[in-house]
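Starting from the known structure of chain E, fit chain A onto it as the hints suggest.
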Amino acid sequence: MYEPKIIAYLCTWCSYTGADTAGIARLKSPANLRAVRVPCSGRVSPEIIMRTFDQGADGVLVLGCHIGECHYDSGNHRTAKRLPVLKTLMAYAGLEPQRLHLDWVSASEGERFSRIVNEFAESVRLLGPANYPVKSWAVHNVELPWAQSEPLDSLGFDIQSYAMREAAIRDYASQLLSESRVSCVIGYERSPRGRLRPAFIYTPEDASRLVWNPDCTHNLTLYLSEKIRDGGRAPGKKPDQNPASIGIVVKPCDSRAIQVQLAEQQIQREQVHIIGVTCEGIQAELDAYENQPVSGKARLQKRCQVCSERTPVVFDRLVGGTVSPELSGTDSYRAVDAIEALPPAERMEFWLSQFDRCIRCYACRQVCPSCDCPTCLYERDDSLWVGPASGSGGVGLNEARTFHLGRAFHLAGRCIGCDECERVCPMDIPISYLNRRLAQEVRERFGYTAGLAPVPSPIVTVLSREEGL
Amino acid sequence: MISSSSGLNELYSVSQENLADWLDRIQSSAKLIAHQEVGGILLYQPVSDSRQIAWTEARPTLSSKDAFFPPTEQLFTIQREGNNLTIVESEPVGKQVLFGIRPCDAQGIKALDALYLETDPADNYYQRRREATTIIGMACREMAPSCFCTSVGGAPDDSRFMDLMLYRGDDHYFLAVITDKGASLLSSFPLKSDLLEAESAAEQIKSYIPSRLPIEIPNQEDWPASFASPYWDEMSERCISCRICAYVCPTCRCFDVRDQLYPSENGTQVFERIRCWDSCTGTAYRRIAGGHNPRPEKGQRLRNRFFCKYYYYPAQYGPVACTGCGRCIDACPVGVDITEALSYVAQRGSLSDLDRSGA
Numbered sequence: 001m002y003e004p005k006i007i008a009y010l011c012t013w014c015s016y017t018g019a020d021t022a023g024i025a026r027l028k029s030p031a032n033l034r035a036v037r038v039p040c041s042g043r044v045s046p047e048i049i050m051r052t053f054d055q056g057a058d059g060v061l062v063l064g065c066h067i068g069e070c071h072y073d074s075g076n077h078r079t080a081k082r083l084p085v086l087k088t089l090m091a092y093a094g095l096e097p098q099r100l101h102l103d104w105v106s107a108s109e110g111e112r113f114s115r116i117v118n119e120f121a122e123s124v125r126l127l128g129p130a131n132y133p134v135k136s137w138a139v140h141n142v143e144l145p146w147a148q149s150e151p152l153d154s155l156g157f158d159i160q161s162y163a164m165r166e167a168a169i170r171d172y173a174s175q176l177l178s179e180s181r182v183s184c185v186i187g188y189e190r191s192p193r194g195r196l197r198p199a200f201i202y203t204p205e206d207a208s209r210l211v212w213n214p215d216c217t218h219n220l221t222l223y224l225s226e227k228i229r230d231g232g233r234a235p236g237k238k239p240d241q242n243p244a245s246i247g248i249v250v251k252p253c254d255s256r257a258i259q260v261q262l263a264e265q266q267i268q269r270e271q272v273h274i275i276g277v278t279c280e281g282i283q284a285e286l287d288a289y290e291n292q293p294v295s296g297k298a299r300l301q302k303r304c305q306v307c308s309e310r311t312p313v314v315f316d317r318l319v320g321g322t323v324s325p326e327l328s329g330t331d332s333y334r335a336v337d338a339i340e341a342l343p344p345a346e347r348m349e350f351w352l353s354q355f356d357r358c359i360r361c362y363a364c365r366q367v368c369p370s371c372d373c374p375t376c377l378y379e380r381d382d383s384l385w386v387g388p389a390s391g392s393g394g395v396g397l398n399e400a401r402t403f404h405l406g407r408a409f410h411l412a413g414r415c416i417g418c419d420e421c422e423r424v425c426p427m428d429i430p431i432s433y434l435n436r437r438l439a440q441e442v443r444e445r446f447g448y449t450a451g452l453a454p455v456p457s458p459i460v461t462v463l464s465r466e467e468g469l
Numbered sequence: 001m002i003s004s005s006s007g008l009n010e011l012y013s014v015s016q017e018n019l020a021d022w023l024d025r026i027q028s029s030a031k032l033i034a035h036q037e038v039g040g041i042l043l044y045q046p047v048s049d050s051r052q053i054a055w056t057e058a059r060p061t062l063s064s065k066d067a068f069f070p071p072t073e074q075l076f077t078i079q080r081e082g083n084n085l086t087i088v089e090s091e092p093v094g095k096q097v098l099f100g101i102r103p104c105d106a107q108g109i110k111a112l113d114a115l116y117l118e119t120d121p122a123d124n125y126y127q128r129r130r131e132a133t134t135i136i137g138m139a140c141r142e143m144a145p146s147c148f149c150t151s152v153g154g155a156p157d158d159s160r161f162m163d164l165m166l167y168r169g170d171d172h173y174f175l176a177v178i179t180d181k182g183a184s185l186l187s188s189f190p191l192k193s194d195l196l197e198a199e200s201a202a203e204q205i206k207s208y209i210p211s212r213l214p215i216e217i218p219n220q221e222d223w224p225a226s227f228a229s230p231y232w233d234e235m236s237e238r239c240i241s242c243r244i245c246a247y248v249c250p251t252c253r254c255f256d257v258r259d260q261l262y263p264s265e266n267g268t269q270v271f272e273r274i275r276c277w278d279s280c281t282g283t284a285y286r287r288i289a290g291g292h293n294p295r296p297e298k299g300q301r302l303r304n305r306f307f308c309k310y311y312y313y314p315a316q317y318g319p320v321a322c323t324g325c326g327r328c329i330d331a332c333p334v335g336v337d338i339t340e341a342l343s344y345v346a347q348r349g350s351l352s353d354l355d356r357s358g359a
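Those protein sequence lines, which keep their order, are chains E and A.
Oh and the first sequence: position 410 is 410 in the working numbering, straight run, nothing missing.
Oh and the second sequence: position 141 is 141 in the working numbering, straight run, nothing missing.
Just chain E, with the same shape it has in the complex (with noise of 0.2 Å):
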């Protein structure tokens, strides 16, 4: 008969005890039942569950003190707040939910232990071994109803107005800089060649090259907490000694990434002045090396296509004064329920098949202005979360998997949605796809969209009172 590993991470003042209680009655506990025990089940992270699963776990049971007994106050608050959105998240990549369950046993419920451990294993065997025979290079044909089909197919933009506000944005930028109340103000500009990219600006006379079009598509606050440690500098000079603020251009979907750095305060609000500019959509195909701006009628970016918003949610001066009415986008994916209608199975190939031809280059994670650790997980020298061998040819694919989801996870109710992860992926993996997925989950789940306002995810706070289980 087939029997399943099963991996349980059981907390030690509670379940880790309870399972003891458990054998002290001499009540039975399957034999492919693994143990490992925890400090808390706080501790037992996303990363660690997904892990698990790479390596050939077929189930995984998380067991915490009942909420309100956790020995550290809120620690197991985390883990019922995170774990349903990872089952979300397991489910859309092709991984049945089932495999993964999280419940409370105290040290004394020797008996609930036991009947919660043999029920699950019980449930895992009747689904069989969690691993997929997986196609290398399977590109899976999925019909994907791409947004373009959206009625907002296209929009005419105007130039003369475009034109207006890169002249105020100029003179607004040359103002802040010569009345030093900035030391630098990130804007955009063409390259010498035409391209269009983001530029630092540093005097009043630089503020010239800034520029606005319908090609300003990087999402520039990126680079805020950065310059803030600088200082504002420009390079090559010393830091200022009281360093002022740093002023940047944003679109409204830029806006919202400024909120989730204040909210979790990897910025100050006084540490920026922001230059908030109405935006009618930036065009798909970049106009690359065309020295003038668009004319006519272009193709919106998918993500401009189900946005919902024209003005930034904070600014410190708005440019753009005639104010479009506000869009009526639904932030969301018709290709995310296409996938999502699939059997599992196959929504596991197709996930598959795309981080297949990951190459690492993780343009992605650097290009995320919420992707914020000096450090990333899966690059750590130390603990090699993922080893080296990803991508290509199906060597490591599941590494591919580990860094793919575990980023998407990272990012559930920090993700504003400016898709800059998938523009920048030279293998058009469509990583929206999962960031949205989690977006709507969180949303439906908690009603929080991340950067509407400078609150945190919900996903890291404690439980709020109507939230308590």
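Because the hints were derived from the structure by calculation, they are not lab data.
Quantities reported herein were computed from a predicted structural model and do not represent experimental measurements.
Ideal placement from N, C-alpha and C gives every residue a C-beta, glycine not left out.
There could be a bad hint or two in this list.
Just a few of them, taken from the derived set where beta-carbon distance is under 7 Å, the chain E residues facing chain A [claimed, not checked]:
| hint | residue |
| --- | --- |
| 1 | 357 |
| 2 | 361 |
| 3 | 362 |
| 4 | 367 |
Quick look at which bits of chain E chain A covers, simulated, 3 or more residues with Cβ under 8 Å [as the list claims (entries may be wrong)]:
| hint | region |
| --- | --- |
| 5 | 6 to 13 |
| 6 | 424 to 435 |
Here is chain A on its own, set in the frame of chain E:
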């Protein structure tokens, strides 16, 4: 019909159907790598049927270097039983045929040869793959805006590093046999084709080939003068320290070596030694034991990338490690452009020439 006795540098006309049929026959006895659409992008990929081939002269997202230098490669396995250690070297795949290789990619292979093949000792893994590979090139009929092969000694129709060369005409392909290796592939797998009158065919091919004025490339001796310039810090301000530029590059060849546990049967312990691509633009590239990083600034890392391509590599191994394919320019998420760095160094170089001449 072409056979091995056919003269080199003769031109043949061949139809796409015959080419496809020929490739299908080759595919049955060698690994065939060709242009393929994968998940919406164009890549050089193994194909099992000529119908999978994307017949295009567009430039694939990644170069063809991974046919010789894969992103991840197992070098050997180590098995431990009791006190016995068994080391088994991993043998790379057998014969492979690359079809539709861009001239910039072939030049990249040539540049890699200088290090991996022609510098003693040769790299076993690279050498085995290289020797078992026949390269069929395809001339470009368009140059992308970022292309600058003509500035670094290449050309859209450069056939120097190919075994066979194809040029797309209006209703057929032109085929040239460049090396004996190419000729022997034709003799093993005959290809239905017609011999053309060489001169007029060559004229016709020329009319399809785009041209572009070269950009300014600094002399090798110009580089040291720019080393301490503040320019690198300025131009790298926007760099996000990802590794795209190195991974899409046909000549970037740095790797990292690791040992790791290999999935194995119960009771035995098997480890594998692997090597995988690495990039000097990543933060951890130069980090050493104890955590010190001799190249902590983005400017230092990007500068290294450009110096490596145009100064260190030519000085150590001969060829310039840049073939002007322009992939790094197109792929860079934040618009870092190698040609800007080149023109900066060239201009500074000409200034220092003036200094030297006392002008």
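Hint check results:
Given hint, residue 357 of chain E at the interface with chain A, holds; its Cβ is 6 Å from that chain's nearest Cβ, closer than 7 Å. A least Cβ separation of about 4 Å between residue 361 of chain E and chain A falls short of the 7 Å threshold, and the interface hint therefore holds. Given hint, residue 362 of chain E at the interface with chain A, holds; its Cβ is 6 Å from that chain's nearest Cβ, closer than 7 Å. At its closest, the beta carbon of residue 367 of chain E sits 5 Å from a beta carbon of chain A; the interface hint therefore holds under the 7 Å criterion.
Judged by the Cβ-Cβ criterion of 8 Å, the region 6 to 13 of chain E is not covered by chain A as claimed, because only 0 of its residues qualify and three are needed. Counting residues of the region 424 to 435 of chain E whose beta-carbon sits less than 8 Å from any beta-carbon of chain A gives 5, enough to reach three: the coverage restraint holds.
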